[in-house]
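From these two lone chains plus the hints, build me the complex, please.
Each chain is listed here by its residues.
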Amino acid sequence: MQPIETLHEAKRILKICNACRYCEGHCAVFPAMETRLEFQEKDLYYLANLCHNCGSCYHNCQYADPHEFQVNVPQTFAQLRKESYVLYTWPNFMGKILERNGLWVTLVTVMSLIIFMLLTPILIGQKTFLGIHKNGFYGVISHEIMVILFGIVGISALIILLISMIRYWRAIGLPPLWTIRIRVIKKAVWHALTVKYLDGGAGQGCTYPNETPSLWRRRFHHLTFYGFLLCFAATTTAAVYYYLFNWKGPYGWLTLPKLFGIPGGISLSIGCAGLLYLKWKADSPLIASKNTGMDIAFILLLGLTGFTGLTLMFYRYVGFVGPLLIVHLSVVMSLFLLAPYSKFIHAFYRIIALINYELESE
Amino acid sequence: MHNDVLVIGGGHAGLTAAITAAENGAKVLLLEASPKNMRGGNSRHTRDLRIMHHQPTKVLTDIYPAKEYWDDLVRVTNGQTNKHLAYLTIRNSANNVKWLQQHGVCFQPPLKGTLQLGRTNAFLLGGGKAMINALYHSAELLGVQIRYDSTVTMLTLDENHFVEAILENGQTIEASALIVASGGFEANREWLEKIWGKIAKNFIIRGTPYNRGLILKQLLEKGAKQVGNPKQCHAVAIDGCAPLFDGGIVSRVDCITLGIVVNKHAKRFYDEGEDLWPKRYAIWGHLVAQQPDQIAYVIIDAKSEKMFIPSAFPPKTANTLLELAQKIAIDPDALLKTVHEYNASIQPGTFNHTKLDNCHTQNLAINKTHWARTIDTPPFKAYLLRPGITFTYLGVTVNDKAQIIMADDQPSKNIFAAGEIMAGNVLAEGYLAGTGLTIGAVFGRIAGKEAAQYATN
Ligand SMILES: Cc1cc2nc3c(=O)[nH]c(=O)nc-3n(C[C@H](O)[C@H](O)[C@H](O)COP(=O)(O)OP(=O)(O)OC[C@H]3O[C@@H](n4cnc5c(N)ncnc54)[C@H](O)[C@@H]3O)c2cc1C
Ligand code: SF4
Ligand code: SF4
Chain A
89 MQPIETLHEA KRILKICNAC RYCEGHCAVF PAMETRLEFQ EKDLYYLANL CHNCGSCYHN
149 CQYADPHEFQ VNVPQTFAQL RKESYVLYTW PNFMGKILER NGLWVTLVTV MSLIIFMLLT
209 PILIGQKTFL GIHKNGFYGV ISHEIMVILF GIVGISALII LLISMIRYWR AIGLPPLWTI
269 RIRVIKKAVW HALTVKYLDG GAGQGCTYPN ETPSLWRRRF HHLTFYGFLL CFAATTTAAV
329 YYYLFNWKGP YGWLTLPKLF GIPGGISLSI GCAGLLYLKW KADSPLIASK NTGMDIAFIL
389 LLGLTGFTGL TLMFYRYVGF VGPLLIVHLS VVMSLFLLAP YSKFIHAFYR IIALINYELE
449 SE
Chain B
6 MHNDVLVIGG GHAGLTAAIT AAENGAKVLL LEASPKNMRG GNSRHTRDLR IMHHQPTKVL
66 TDIYPAKEYW DDLVRVTNGQ TNKHLAYLTI RNSANNVKWL QQHGVCFQPP LKGTLQLGRT
126 NAFLLGGGKA MINALYHSAE LLGVQIRYDS TVTMLTLDEN HFVEAILENG QTIEASALIV
186 ASGGFEANRE WLEKIWGKIA KNFIIRGTPY NRGLILKQLL EKGAKQVGNP KQCHAVAIDG
246 CAPLFDGGIV SRVDCITLGI VVNKHAKRFY DEGEDLWPKR YAIWGHLVAQ QPDQIAYVII
306 DAKSEKMFIP SAFPPKTANT LLELAQKIAI DPDALLKTVH EYNASIQPGT FNHTKLDNCH
366 TQNLAINKTH WARTIDTPPF KAYLLRPGIT FTYLGVTVND KAQIIMADDQ PSKNIFAAGE
426 IMAGNVLAEG YLAGTGLTIG AVFGRIAGKE AAQYATN
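Chains as they are written, first to last, in our numbering: chain A, 89 to 450; chain B, 6 to 462.
If we strip away everything but chain B, and leave its shape as in the complex, we get (with noise of 0.2 Å):
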């Protein structure tokens, strides 16, 4: 049985690619790593997609230009990112609405918890895996082959050309063309532990554990040109009763700018209020990376209640910071010592915690900057936190037709890339909320034109 097309992922890059491909005409084999019901990968675990627009929508306020878009992703990226590539996912994130919508995915119009947001990005009703589920069906309605429990381990290629994939259990699979979406190796615990050490033994991974970078790996063996820096990824500070695996949005604790974070000796290692929350929660978890043990503790006390979204998992809560300190198990004389000299360098301020107000200290080693209010008020509560591993950002890099590139700068005629697998392309550093969808949307459906093309010309 001949495939015209494999892909390799089934998240939301590759059924993008997959459905493409069907659409032009291809016969489609899609490989899945995960079992039906973990299907999905990361993109299950997602909310919303970043997209250019000149005028409101149904789903997006006001309007988002290419050229703001663009000086955002400079700004988070240090300009790490590929000029061209990038106003490609500019330009074409605009059709991204429509398209899910004509697969059967639904969007939600801006509501409470999606507010701040609105403006650049459009929200998935129900979240990635209702988007997941509809786009899996589309793909079954336009006869895309589907397998699960289907991991990749080799691929087999000639003089840049893709020829066949071998499976965990030794099957092997030809195709004409090749399309990778198979994320990246942020799950994969022994590569972490060989660019970070030890310490990533204690990493929480935030989404799918299915994302163990073997296709990535297999190409960059095989003489793909990396893009990214390989000892990069993003980590965020997150609840550390987080599971191991999976635990995606429900860990987020957004209360740091509410109190003070301190390590296991409780010492403050960071100014908590350096800036507006959205903006510094990814540095968060490379701070708690760096402290003994990878841990942390967010304290806060009774005034801060009720102002964030509290995490799944309920905080350790005391009347007295001796008796907080005694159940988060530090020594409470620190503590006390830290809190105190914390509260006492207090400056006095208008607290407005919309905005980067004037409440701050002075003369600490390390000032908190903003929204700085004494910790004096029961209940007290502590938040543990851990680093979580969102995504990595080594990849393959590609041309404008989601082409890999090989080691001699020539594009493989027969290789695709789409996702998180090549997203360093476009973002090779930071993040800017919903453009990992966003760069899966346009380059998936980029390979997949193209591959069908290829594949039945």
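With the rest of the complex left out, here is chain A (with noise of 0.2 Å):
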């Protein structure tokens, strides 16, 4: 479907939903909805964002398929969500790369695994690439070269990203940030951290992979988020054992990074695995078809991500450190390089529409 067809459709369904509102106790899209009786694109994309795609009024809906009306509010949503993205991001043309984004992830992947895989061993060497190392695996790329690399790349990221939430900010007509309550924003980031919204309504669950709810999709999810903050902080804790103390890795068992770091990529390898099985078995009109390549994109990068981390903590018994670190170099740096451009920017589009939610609400 193009844009402006998702569009009609979007309005098409809502005149239905808004007709009904059965749906109103499952999630904040309902109520966000009652409180409109036209919808225009900004609303569209606002409504589109606040769905957390959990299937319960697609399973619910009396007027879905096979009924003439083919209600579908997640598949329809799920379209906008992307081509919400592919408008909003910074800078522009870059959108493109969001539209085929199960190819350009891939690409990305490979070509980051290919420069790492070349460039490490002419510069070290192919013995100490393969070998196993005294100082860990700073023997094969050192702490400052990664630091660099990895430092760039990342801020680079998180200034497109800020940008290009900025944008999506503003398009949907929320006022600055400085004027909004604090509560507000509390109430908001608190449904995006637990989750909120996939509980059903009433606590039951989603309606994800079929209509029997289950409280599944959101463990998953909670173990993947929580699995790569736990990640993210043992790499912090890393840095900081090195520059504030000068404490060279590997580090034991009992430090932070490893206390952290296993932990965390156990429950990314798991969230991530739980996530990508109930997307197989989901019915498939929960999925829309052009998202696919962009979830199972992101969703493999991030379990990847974990799972090599963890593999490399585990490095000093298994050998080939070099290609073990390597492949974890390039998965990481694709998600780095891609953080702007991928699936990992729907938690920072969600948690804008919570607060407008939230805003709308008081």
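It is possible that some hints are incorrect.
As the list claims (entries may be wrong) - With a Cα cut of at most 25 Å, we get these calculated DSS-like pairs of lysine-lysine: (1) B:K88 with B:K32; (2) A:K369 with B:K227; (3) A:K367 with A:K130; (4) B:K63 with A:K275; (5) A:K367 with B:K41; (6) B:K332 with B:K321; (7) B:K222 with A:K103; (8) B:K63 with B:K32; (9) B:K360 with B:K222; (10) A:K184 with A:K130; (11) B:K206 with B:K236; (12) B:K311 with A:K99; (13) B:K311 with B:K321; (14) A:K103 with B:K311; (15) A:K130 with B:K199; (16) B:K88 with B:K418; (17) B:K32 with B:K406; (18) B:K321 with A:K103; (19) B:K321 with A:K99; (20) B:K227 with B:K406; (21) B:K88 with B:K454; (22) B:K308 with B:K360; (23) A:K99 with B:K332; (24) B:K406 with A:K284; (25) A:K103 with B:K308; (26) B:K222 with B:K272.
To be verified - Ranges of calculated distance between the beta carbons of each label pair, as one might list FRET restraints: (27) B:K418 with A:L125: 53 to 61 Å; (28) B:G202 with A:Q158: 45 to 53 Å; (29) A:K274 with B:E346: 56 to 64 Å.
Quick caveat, the hints were computed from the structure, so don't treat them as lab data. The model shown is predicted, which means the values in this text are computed figures rather than measured ones. Heads up, the beta-carbon is just placed ideally off N, CA and C, and yes, glycines get one too.
And the structure:
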């Protein structure tokens, strides 16, 4: 579907929903919808990002396929979300990457793998590359190089993300951040951190992958998100150790980087595997086929980040620290590079939509 | 393969009965006429159940005592109710929410769309289809065997005793006990035409196309004692653009009290402001059915915008009444005349849509007694109205064990009924929001238990 068609389809469906309102208890989308009689583009891009694709309003809709009304909110909104990503991403032409995201993520990951693979052995020699090192993986690539490389990429990604978010923030008509009460922001962030709207409305869970409500999607999402945070904490504490205390790795089992990193890596791997499994099992009407590449690429990238990081923790026992590190770094590099141009951004669009919702409900 | 209990109809009543029978140790087979993805009959369109309660709960505000429930029932039915069965229903309604919750159904706290009924009615989270999905899941877990695309066309009885059911494809199914929960006959156009004549061709069926009354007819032919007026049906005026079946709630047109209603000759035919809308909701189906071609139009102007929940279908809109008349193809002069006379007869008053206000007309053949405001501010809007049938009242008589009563006034030992097919015992006329499901819930549980007991003893 073309964006304009998706917008039309969303308008058509919302007219029906607004006359029905049976789903108002499921999530924030319906109460937000009920305050509007007409839907402009900005309303639609707002509502679409408020939707968590939990499936409830599809499986519980008496007007869903095969009914002639063919109401399918989650699928239409998923499509619309992607279009909003493309539209508000900065710079505009980079939106193209989001359109064929699966391809791009694969491409970038493979490219960084090739570059790392070719350069590292050349720089440090074949033998060191395949050996086991006394001072861990910093023996393969020096700490400075890693920090500089990932620092630059990370900071650029952050800036781009920020600009894109400001564009979306303004587009849906939110007032400047500093005019919004802390209470509103707190509530929105809390609902994001707990993924409130994957609870189905009464804590029964969402109808994903099928019509029987279940909390597994939310659990896997928690494992993924908090696993990611733990991994992030592991990297950060390692940097602090190194720069502030001049403690060099590899760190022991009872040090913070390991205590964060190992559960984080496990959690992230399980979470992503779970999300992939649910996606694979999901009733097809819940899936917007054009989003599948983007969704799967992101989950895989995150999952691989966790998993390869985890194997690296055990490198002393498996050897091959060079290749393992290279794979891990390539995946992380790809994640960083594509942070503003992959499904990574869904979290930010979601938070902004949630802030708008809380603001409107005040 | 032997079945203890056979249930015909996989709506809310049938599922409640099947689950209860299975929980009471019976081997249950449920036959549903529709394919899986259209299962749930009219129950898939529902929203709420009317519940007696003596203290506020998470899903119900305030209290709703049995006496008040009973008074409401007598009022809407003009006393056409069986007091014993009605009280049985009212008292047992108190268990409905808990029972449904135990079987995976969720409720929502009173929210925006539900406030006015939040005291008397408990609202299903996600509506009827969410409930139906949960009950099917629950039934499956209990080992109830479910067969879709299975329309029962005939029943074999041996002296008031159920023997076997015959499917459309000729297959016969035996069981020790039968529970009928196959709804009314509202989707059977030939039957409707027999009662209403040709005008029934223009009726819209608000719910499932599968409730054709085949089982009801079989039972009545084989000596079941009927209940309810066969000539009555619950009909409301709905958006004329709705599909012929299954349009459900979104075809509701809620602005009749705000404007005027004219027929195709641009003539008003009833007091649009007679009473608060919920109380008059159900008379407009019959009113529109009596108009030429069974159509009418509500005309409102810009002042009424945003004062009601719009239907899913866009109204005809125009900046002049002339243009509007052309768009809906009625005589412009006649429409202008009607609106002009109406506008001219409006008395001064203070408009208040939430109560019976003092805005009314004077000296018209048909006055509008409340909420009468001039129709003069463009854009003007016209909603097409047609009669939409919710359900029929004709049913089988039952006793307090949900056994159907036969012509000799004796109960059948092994035929039980629940839901719309027997709702006429409690509600033979009129309607009280949320009682359809409540009757199905109470008699579904009774039928399930009694049938299981009979079959397993
Ligand atoms: C739009 C709409 C909204 C409503 N809202 C409410 C509400 O909010 N609250 C309320 O209490 N009531 C409501 N009602 C009324 C309510 O739907 C009924 O009272 C209730 O659903 C009846 O349940 P049931 O199980 O008896 O019938 P149904 O749910 O209609 O189930 C009957 C089932 O039997 C099957 N069947 C029929 N014939 C055969 C056959 N020969 N062989 C096999 N299977 C067969 C049908 O396919 C169907 O699935 C509403 C009705 C409509 C139309
Ligand atoms: S998704 Fe379906 S059931 Fe839910 S509000 Fe919309 S039309 Fe109604
Ligand atoms: S899919 Fe879930 S989150 Fe999205 S609109 Fe429907 S109920 Fe809400």
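Structure-based check of each hint:
1. B:K88 with B:K32: Distance of about 33 Å is beyond 25 Å: violated.
2. A:K369 with B:K227: violated (49 Å)
3. A:K367 with A:K130: Between A:K367 and A:K130 the Cα gap is close to 29 Å, so the pair fails against 25 Å, i.e. violated.
4. B:K63 with A:K275: Status holds; Cα separation ~23 Å.
5. A:K367 with B:K41: holds (23 Å)
6. B:K332 with B:K321: Measuring from Cα to Cα gives roughly 7 Å; hence the hint holds.
7. B:K222 with A:K103: violated (39 Å)
8. B:K63 with B:K32: Violated, at roughly 35 Å.
9. B:K360 with B:K222: violated (44 Å)
10. A:K184 with A:K130: holds (21 Å)
11. B:K206 with B:K236: It holds: about 16 Å lies between the C-alpha atoms, which stays within 25 Å.
12. B:K311 with A:K99: holds (18 Å)
13. B:K311 with B:K321: With a Cα-Cα distance of about 16 Å, the restraint between B:K311 and B:K321 holds, given a limit of 25 Å.
14. A:K103 with B:K311: Holds, at about 14 Å.
15. A:K130 with B:K199: violated (53 Å)
16. B:K88 with B:K418: holds (23 Å)
17. B:K32 with B:K406: The hint holds at about 20 Å.
18. B:K321 with A:K103: holds (15 Å)
19. B:K321 with A:K99: holds (18 Å)
20. B:K227 with B:K406: The hint holds at about 20 Å.
21. B:K88 with B:K454: holds (22 Å)
22. B:K308 with B:K360: holds (18 Å)
23. A:K99 with B:K332: holds (24 Å)
24. B:K406 with A:K284: Given pair B:K406, A:K284 is violated - Cα atoms ~45 Å apart, limit 25 Å.
25. A:K103 with B:K308: Answer holds: A:K103 to B:K308 is near 21 Å, not above 25 Å.
26. B:K222 with B:K272: violated (40 Å)
27. B:K418 with A:L125: 53 to 61 Å: holds (57 Å)
28. B:G202 with A:Q158: 45 to 53 Å: At 35 Å between Cβs, range violated.
29. A:K274 with B:E346: 56 to 64 Å: holds (59 Å)
In the structure shown, a violation is registered for the earlier hints numbered 1, 2, 3, 7, 8, 9, 15, 24, 26 and 28, in ascending order.
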